[in-house]
Every structure is written in structure tokens, then in C-alpha cells.
Amino acid sequence: MSNPIKSILATNAGYGITLLRVITGLTFMAHGSQKLFGMFGGYGLAGTGQWMESIGLTPGYLMALLAGSAEFFGGLALVIGLLVRPAAAALIVAMVVAIFSVHWASGFFITNGGFEYAMILGLISATLLVEGAGKMSLDRNLGN
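Residues in the sequence shown are numbered from 1104 upward in steps of one, following the numbering used here.
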């Protein structure tokens, strides 16, 4: 395997990162399912796209598709432990956009619509970007 690919898949993280990765991945998948498929009380692509247009993220449908795909497929990558670093990078971008376009004006606490939740998900994603997928991952198995 080539060096750039090995560096993406390499990880020295232990078993603990697996729990963090899987639970965070499932959380992202649930939020992506709301945006893409209207599951779990979500509005699907059309509804999410309309809302994104209303807050100035245009074109709304495309932005909903990008955000929902990053969350759902990025979360899936975290759960199965495959290409975790690229997925984490996409999720960081999604969370930074969410923080500054939706939550920042409401302050810190999520109870007021603030950015704490998106910040924590972004921070976990940044940790996975730095540490890799951990011992119990397809990345580690493929990278060796």
C-alpha cells in the first residue's frame, strides 16, 4: 500500500477511541437521517433545504444534501472504522458551519439553541482526525 494511503489509515489509538468513534458515528448518522430521509422527526431534504435557504445557506437543497451526506455517510464511516480521518475532516467542516451559521448567536448552551453540542461533536471529530480510528477498526486492519 502506498505511503499517503497508509498515513490516512494509520492509528496508534487504543481501544477507548472505538467507543467514542462508534457512539459519535451513530449520533451523526441519526442527524444525517433527519436531513436526508426525514427520519427521527426530521424534515428530509426538501424541508431542510427550505430551512437552510431561510437562514441564508443557498442553494438550500444542495446545502441540505451536503450537510446530511457528511453527517450520515461520515457517521457510517466512523461506525465501521473505515476512512475515519477523511470522514472526520468532513464532519469538522459540517460542525463549524453549523456553529457559525446557526448556533453562535444563541450563545453557548444548547438549551438556548447554542453551540455547545455542535462544538463537542466537532471536537470529537478533530480528536479522531488526529488519533485515527483506533485498534478496533477497518482502517487499522487495512493499514498494516
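Don't read these hints as lab results, they were simulated from the structure. Do not rely on the hints blindly, as some may be mistaken.
[Unchecked claim] Keeping only pairs whose Cα atoms sit at most 20 Å apart, straight-line, the calculated SDA-like set for lysine to any residue is:
#	residue 1	residue 2
1	K1238	A1133
2	K1238	I1126
3	K1109	G1217
4	K1238	T1121
5	K1109	L1185
6	K1109	L1241
7	K1109	G1163
8	K1238	V1125
9	K1238	E1156
10	K1109	S1172
11	K1238	L1123
12	K1238	N1115
13	K1238	L1168
14	K1238	P1162
15	K1238	S1204
16	K1109	N1215
17	K1238	L1185
18	K1109	V1233
19	K1109	N1244
20	K1238	Y1164
21	K1109	S1209
22	K1238	V1182
23	K1109	G1246
24	K1238	Q1153
25	K1238	I1111
How the hints compare with the structure:
1. A hinted pair counts as satisfied when its Cα atoms are at most 20 Å apart, and K1238 with A1133 does not qualify at roughly 25 Å.
2. A C-alpha spacing of about 16 Å is found between K1238 and I1126, which places the hinted pair at or below 20 Å, so the restraint holds.
3. Our distance criterion of 20 Å between C-alpha atoms is broken by K1109 and G1217, whose separation comes to about 38 Å.
4. Distance hint between K1238 and T1121 is fulfilled; the C-alpha atoms sit about 7 Å from each other, no more than 20 Å.
5. Of the supplied pair hints, the one linking K1109 and L1185 holds, its CA atoms being roughly 12 Å apart against a limit of 20 Å.
6. Distance hint between K1109 and L1241 is fulfilled; the C-alpha atoms sit about 12 Å from each other, no more than 20 Å.
7. Taken as a hint, the K1109 and G1163 pair is broken in the structure, with Cα atoms around 37 Å apart against an allowance of 20 Å.
8. About 13 Å separates the Cα atoms of K1238 and V1125, which keeps this hinted pair within 20 Å; it holds.
9. Only pairs whose Cα atoms come within 20 Å are accepted, and K1238 paired with E1156 is rejected, the gap being roughly 42 Å.
10. With a CA separation close to 25 Å, the supplied pair K1109 and S1172 exceeds the 20 Å bound.
11. Among the hinted pairs, K1238 with L1123 is consistent with the structure: their alpha-carbon atoms are about 12 Å apart, no more than 20 Å.
12. Of the supplied pair hints, the one linking K1238 and N1115 holds, its CA atoms being roughly 7 Å apart against a limit of 20 Å.
13. Taken as a hint, the K1238 and L1168 pair is broken in the structure, with Cα atoms around 32 Å apart against an allowance of 20 Å.
14. Our distance criterion of 20 Å between C-alpha atoms is broken by K1238 and P1162, whose separation comes to about 40 Å.
15. Taking the CA atoms of K1238 and S1204, the gap is near 36 Å; set against the 20 Å cutoff, the hint is violated.
16. With a CA separation close to 43 Å, the supplied pair K1109 and N1215 exceeds the 20 Å bound.
17. As the CA atoms of K1238 and L1185 are separated by approximately 12 Å, the hinted pair is consistent with the 20 Å bound.
18. Among the hinted pairs, K1109 with V1233 is consistent with the structure: their alpha-carbon atoms are about 14 Å apart, no more than 20 Å.
19. As the CA atoms of K1109 and N1244 are separated by approximately 11 Å, the hinted pair is consistent with the 20 Å bound.
20. Taking the CA atoms of K1238 and Y1164, the gap is about 38 Å. The hint is violated against a cut of 20 Å.
21. Restraint check for K1109 and S1209: not satisfied, since their Cα atoms lie roughly 42 Å apart, outside the 20 Å limit.
22. Restraint check for K1238 and V1182: the C-alpha separation of about 13 Å stays at or below 20 Å, so the hint holds.
23. Straight-line distance between C-alpha atoms of K1109 and G1246 comes to about 5 Å, which keeps the hinted pair within the 20 Å bound.
24. Of the pairs offered as hints, the one joining K1238 and Q1153 is violated, with about 41 Å between alpha carbons and a cut-off of 20 Å exceeded.
25. A threshold of 20 Å between alpha carbons decides the hint, and for K1238 with I1111 the separation of about 14 Å falls inside it, so the pair holds.
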